[in-house]
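Q: One-letter residues, chain by chain:
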Amino acid sequence: MNVLLLLPILIPFLTAVSALIFWHNRAIQRRLNVMGGIAHPLAGIALLVAVWREGIQATQIGNWPAPFGITVVADLFSAIMVVMTGLMGLIVAVYSLGSIDARRESFGYYPLLHTLLMGVTGAFLTGDMFNLYVWFEVMLIASFVLMALGGHRQQLEGALKYVTLNLMSSALFLTSVGILYNLAGTLNMADLSVRLSNGAVDSGLATVLAVMFMVAFGIKAGLFPLFFWLPASYHTPPIAITALFSGLLTKVGVYALVRIFTLIFVQDIDYTHTLMLIIAGFTMVTGVLGAVAQTEVRRLLSFHIISQIGYLLMGLGLYTELALTGTIYFMVHVIIAKSALFLVSGIVQRVAGSYDLKHLGGLYRARPGLALLFFVPAMALAGLPPLSGFWAKLALVRAGLETTEYLIVAVSLGVSMLTLFSMTKIWAEAFWKDRPDPDRPFAPLRHRRELVVPVIALAALSVILGIGAEPMLALARDAAAQLLNPAGYIEAVLRGAA
Amino acid sequence: MDSVILRTATRYLLPLLLLFSLFALLRGHNEPGGGFVGGLVASTAFVLYAIGCGVKSARELLMISPRRLIGVGLLVAGISGIIGLLASGVFMTAQWSTRDFPVVGKLGTPLLFDIGVYLVVVGVTLTIIFALAEGEE
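Line by line, the protein sequences are chains A and B.
According to my numbering, the first sequence is numbered sequentially starting from 1.
According to my numbering, the second sequence is numbered sequentially starting from 1001.
So that you can see chain A by itself, here it is in the shape it has in the complex:
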């Protein structure tokens, strides 16, 4: 089903382009934004259903056979990520209607938003290393502009760090792609998998390359010790953009890591995947410790993004079916929980006038509904049953125990406690304690529908994902099985090629 593979890329493309054509008409842009936002996840779901029923889907762009042409391919993991992208796109598209100011809107916010979504979707669907680089660039350039759009001093400062670090990572990525092409003579991922596993490439060199890719994607994913750009920049743009970035951008880096370290670089698992476990541990710990010291909600949550990335990497490092199941389930869970937390903090700021915990307080008494909307994703993030985070962490911990990696299990449990502590800190400061200056009344929430409905949807998803974990875990298990057995992927891509 070729059309299904391309629709999730074409829909945001057409949305962005039509919004560009109606540059001077904000009303039409807003309408296009919602329409594209709704169509994107629907196309993603259709793709997921097709992959679920008929196996891995692949198409060759322009009908040039693989490995020469560009392959677009979706296995279950890709399809799940595409659905999540569409879903986050819809959530943020609706939230933006109520939270993005008219000035940003008239300077191309909506075209950029959908270009970003197109880049992310493309990165999830491509089966070609160079094409992956191109999608990364599409996504990054859109994100650069989104981050700087509005031109506040603080924003530009954040954007500068973000752009510099990401450009370095892109340069490293591109260099590695060049060397890889020179060594293997192909950039098609399935073909690379074949050539690297049959000994056509020196395994020592392959490992060096693997580590280069690990660094390149590590910067984008926000791994220890390369994460410092993230907390320095993520709190500067409007909260809808921060939520989208936190939900999707670092996850693309993790996706790329999972993809290449299950498909391509699996020659020296003892070395690469152990290295990954060590990095995972450090990422978790530094992220959560950084968060403990923060009092600005957005910065605090930004540090938590990093520590959650550690969990995702832990599953990849353990490299068993259960561990990868955990990683995939965790990815879905954390995208939902994290974005929900950012979006709630945006509402808190609108009601109480600040992001700083010192100035917040008394929200539980004044706005119990809002408190509940914070409580659900926060507890999901901390991993309390029966919410989604619990099952994700349970799978990872069990996988760790099965492979007798007790140290990383201990670290992950400790970090979990600290996450809980961190979430209760926000709870106690922003919601529980009395308002520090009782004279300032809470502001009424304007655009209530656009702001609250997306957050309710995310919180509900988190609960559903937790209570009805079984089907999602089964899906993640199948996706993990596909990742661990790349023969199916290779067959789907190179089918018909000599």
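Hints in this document: simulated from the structure, not taken from any laboratory.
Since we're looking at a predicted model, the values are computed, not measured.
Just to be clear, a hint being listed does not mean it is correct.
Estimated spans, in silico, between C-beta atoms of each pair [said to hold, decoys possible]:
| no. | chain 1 | residue 1 | chain 2 | residue 2 | range |
| --- | --- | --- | --- | --- | --- |
| 1 | B | LEU1016 | A | ILE141 | 33 to 41 Å |
| 2 | B | SER1057 | A | ASP439 | 52 to 60 Å |
| 3 | A | LEU445 | B | ARG1007 | 28 to 36 Å |
| 4 | A | GLY488 | B | LEU1061 | 54 to 62 Å |
| 5 | A | PRO225 | B | ASN1030 | 45 to 53 Å |
Over the 10 Å line for every Cβ pair with chain A, so calculated as not near, a few chain B residues [claimed, not checked]:
| no. | residue |
| --- | --- |
| 6 | LEU1022 |
| 7 | ASN1030 |
| 8 | SER1065 |
| 9 | ILE1083 |
| 10 | GLY1089 |
| 11 | THR1098 |
| 12 | ASP1100 |
| 13 | ILE1129 |
Built from N, CA and C at the ideal position, the CB exists for glycine as well.
Following the hints, put chain B in place on chain A, whose structure we already have.
A: Same frame as chain A, now just chain B:
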């Protein structure tokens, strides 16, 4: 800049440059040229006009906002891919006419794609240059 010589020369150069840009565009499939080069040449024509007669009259001459041109160009390029998707089931597969046309030879979706590129390049270049020139004024 107010120069009679430049203004007069522009009046003759503009159609020539635009014609040449079309030539480069059409030549591009099998020989050096193409949408990108053609687009650059076409934008030079408008930039020259903007230098000679002012950005405002250059915008009037262009008739369509350069930003909208980017959108239209992307749409045209996208459609060229979608035609392949609808006709053969694979995105971006080239579709060619069965008979030759005078001057240009066989027509096909790659030309449509190139026209899209042409429009995007004109749009992007002029968006940037007009903005810079207006910032200076």
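Q: Now tell me, hint by hint, if it's right for this structure.
A: Verification of the supplied hints:
For the hinted restraint 33 to 41 Å between LEU1016 of chain B and ILE141 of chain A, the CB-CB distance of approximately 35 Å keeps it satisfied. For the pair SER1057 of chain B and ASP439 of chain A, the beta carbons lie near 58 Å from each other, so the given range of 52 to 60 Å is met. Distance hint check: the CB atoms of LEU445 of chain A and ARG1007 of chain B are about 58 Å apart, inconsistent with the given range 28 to 36 Å. A hinted range of 54 to 62 Å holds for the C-beta pair GLY488 of chain A and LEU1061 of chain B, which are about 58 Å apart.
For PRO225 of chain A paired with ASN1030 of chain B, a C-beta distance near 52 Å keeps the hint of 45 to 53 Å intact. In this structure LEU1022 of chain B is separated from chain A by more than 10 Å, as the shortest Cβ-Cβ distance comes to about 23 Å. Non-interface call for ASN1030 of chain B relative to chain A: holds, since the shortest CB-CB distance, roughly 17 Å, exceeds 10 Å. A beta-carbon of chain A comes within 10 Å of the beta-carbon of SER1065 of chain B; the shortest separation is about 7 Å.
At roughly 12 Å from the closest C-beta of chain A, the C-beta of ILE1083 of chain B stays outside 10 Å, upholding its exclusion from the interface. Against chain A, the non-interface label of GLY1089 of chain B is violated: not every CB pair exceeds 10 Å, the least being about 5 Å. Here THR1098 of chain B stays apart from chain A, with its beta-carbon at least about 18 Å from theirs, past the 10 Å limit. The Cβ of ASP1100 of chain B lies farther than 10 Å from every Cβ of chain A, with a closest approach of about 23 Å, so its non-interface assignment holds.
With a least beta-carbon separation of about 17 Å from chain A, ILE1129 of chain B lies farther than 10 Å from that chain, consistent with its non-interface assignment.
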